[in-house]
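Novice: The lines below spell out each chain.
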Amino acid sequence: MISSQSLKRLAIAAGAVALMALPAVMPALAQTPATPPPNKGDVAWMLVATVLVLLMTIPGLALFYGGLVRTKNMLSVLTQVFAIVCIVSLIWVTYGYSLTFTNGGALNDYIGGFSKAFLVGVTPESTVATFSNGVYIPEMVYVAFQMTFACITPALIVGAFAERIRFSALVLFTVLWVTFIYFPIAHMVWYWGGPDAFGNAAKALAAAVDPAAKKTAQDALDAVTGDAGLIYKWGALDFAGGTVVHINAGIAGLVGCFVLGKRVGYGKELMAPHSLTLTMVGAALLWVGWFGFNAGSNLEANGVAGLALLNTFVAAAAAGVAWLFVEWGVKGKPSLLGMLSGVVAGLVAVTPASGFGGPMGCIVLGLVAGSACFFFCTTIKNAMGYDDSLDVFGIHCVGGIIGALATGILVNTALGGVGIPDYTTKPGELAVGAYDLTTAIWAQAKGVLLTLAWSGIGSFILYKIVDVVIGLRIAPDKEREGLDIAEHGERSYNY
Amino acid sequence: MKLVMAVIKPFKLEEVRDALTGIGVHGMTVTEVKGYGRQKGHTEIYRGAEYAVSFLPKIKLEVAVDAPLVDKVIEAISTAARTGQIGDGKIFVTTIDKAIRIRTGERDRDAL
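Chains as they are written, first to last, in the numbering used here: chain A, 1 to 495; chain B, 1 to 112.
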């Protein structure tokens, strides 16, 4: 009753606004096309970036993880990662893209709607906004690029409960997890109207003279500002997915290894990696692919994409150096696995900061992330006694939190950052907004906390559901035999 | 006829082979094995997880020779395989009852 009344009122108000706006809008529409056509350089770069991000997952992440497990579980990890890519990409085009990147009506703060389910309305002609006024890329490319992010995030979680989860349970968990955790978080962080929506609304406000028109224009600007995800509206910056991808997957992994429990023989038997050679190949592919992940997240081929690429390079290098030397000092030997872990920790940490910070700031970030993640994986994990098989929490969540918070510091132009993006004070161009350290850090912290809570609690519920429906954990005798034979009927190496 | 079986450090295999060829031994069988004696094992650390690895990689070498040659074989192996460090390995000698070359059917000393 109430809702139908308010709907009616809304409709009348909208009609009135439309009528008032009509004379002003009509000539504007006649003069300018809806959006300018995409630039071929941008399109070419985004196609390449999309492929690079897929390379991170298969074979990059699959080999990185696969090399770290014992021979008897190698194929299970490869199969899990590969299956997640196949399943999630289908979910993404079915309803994932729509739930992430459309307006969700009453729930718009948290999740999108179904208006683009089955990619309805997404055509080779339709476009999406980037971060520059007047620059657009084809929506098809954007759908594919974002698809690779949806694919890698649940694949990251696999490392936490590797060597003991039932394959069927993993499949069900993946479907539920992307639906109830990934799509909402991605919507909350990345859904917004785009630069031109802000610019045009701000221009209209500046042009308005009489109070009535001002009020209308202000309402229109508020509507544009309000049509975004919750974390975005808080002002939290996440260039390429520090919260959406890494903190999100990292905390889900931690909860997972608590729910599933330790591997049989953990702490008593030799669980050394079966092939650090393959782990090195995987880590190198992750690094290369990460350029598509971070620099591609700029959505345009320009200087900021170059900045993101360079930041990604140096932060990873710094974190690799940090872990290598800290381990050398503390444990006596510089290990390859340590350096690879450091590089991945650096890549994780620079992800949210890559397009916001400066290269020198990102080197410091890498050094901090490499050292902190070393401490987490070697000391705190042992002290707490959980069995996070491949350190998904210690590297992705811890590195992600460090990176997310540091982004609030490194974005400062005084530290070589690009500044807080502001599309309204100089409508039509990207200006540097006012910077306040406390505000920036608090915005980042709120984004981190909401992600930790949403994914932590949500994943716990989903694990419990899957445990009741299918059973998460494989039987102990099968676990001893190895998941490759028990679950997949194959073995990795037949000599 | 004697079977000389030696367990040596893997990187010493080439030197041992050269020494044996030098005294006229023209065949041997080599196996990659794992084991430990007084050397015990070593520690491996993966991302802070320490594992005590007690079985170390070694090479097991088997040579069948005519009895008079045994002392020279023992001498050649011990000289070539020695580093002076703990873990250099051991040599065992046993007697062979029969030997047959499969291709020709030759027996015993002719088959060596």
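Wrong hints could be hidden among the right ones.
[Unchecked claim] Below, in silico cross-link-like pairs of lysine-lysine (PhoX-like), each with a Cα-Cα straight-line distance of 25 Å or less:
{"#": "1", "chain 1": "A", "residue 1": "K214", "chain 2": "A", "residue 2": "K203"}
{"#": "2", "chain 1": "A", "residue 1": "K215", "chain 2": "A", "residue 2": "K203"}
{"#": "3", "chain 1": "A", "residue 1": "K268", "chain 2": "B", "residue 2": "K72"}
{"#": "4", "chain 1": "A", "residue 1": "K333", "chain 2": "B", "residue 2": "K40"}
{"#": "5", "chain 1": "A", "residue 1": "K331", "chain 2": "B", "residue 2": "K40"}
{"#": "6", "chain 1": "A", "residue 1": "K268", "chain 2": "B", "residue 2": "K40"}
[Unchecked claim] Reference excerpt, derived from the structure (chain B facing chain A, CB under 10 Å, subset only):
{"#": "7", "residue": "F11"}
{"#": "8", "residue": "Y36"}
{"#": "9", "residue": "E44"}
{"#": "10", "residue": "R47"}
{"#": "11", "residue": "E50"}
{"#": "12", "residue": "A52"}
{"#": "13", "residue": "L56"}
{"#": "14", "residue": "P57"}
{"#": "15", "residue": "G84"}
{"#": "16", "residue": "I100"}
It should be emphasised that the hints constitute simulated quantities derived from the structure, not laboratory data. Every value quoted in this text rests on a predicted model; they were computed, and no experiment measured them. Every residue gets a Cβ at the ideal spot worked out from N, C-alpha and C, and that includes glycine.
Novice: Kindly indicate which numbered hints from before are broken by the structure, ordering the numbers from low to high.
Specialist: Going through the list in order, the structure violates hints 3, 7, 8, 13, 14, 15 and 16 and respects the others.
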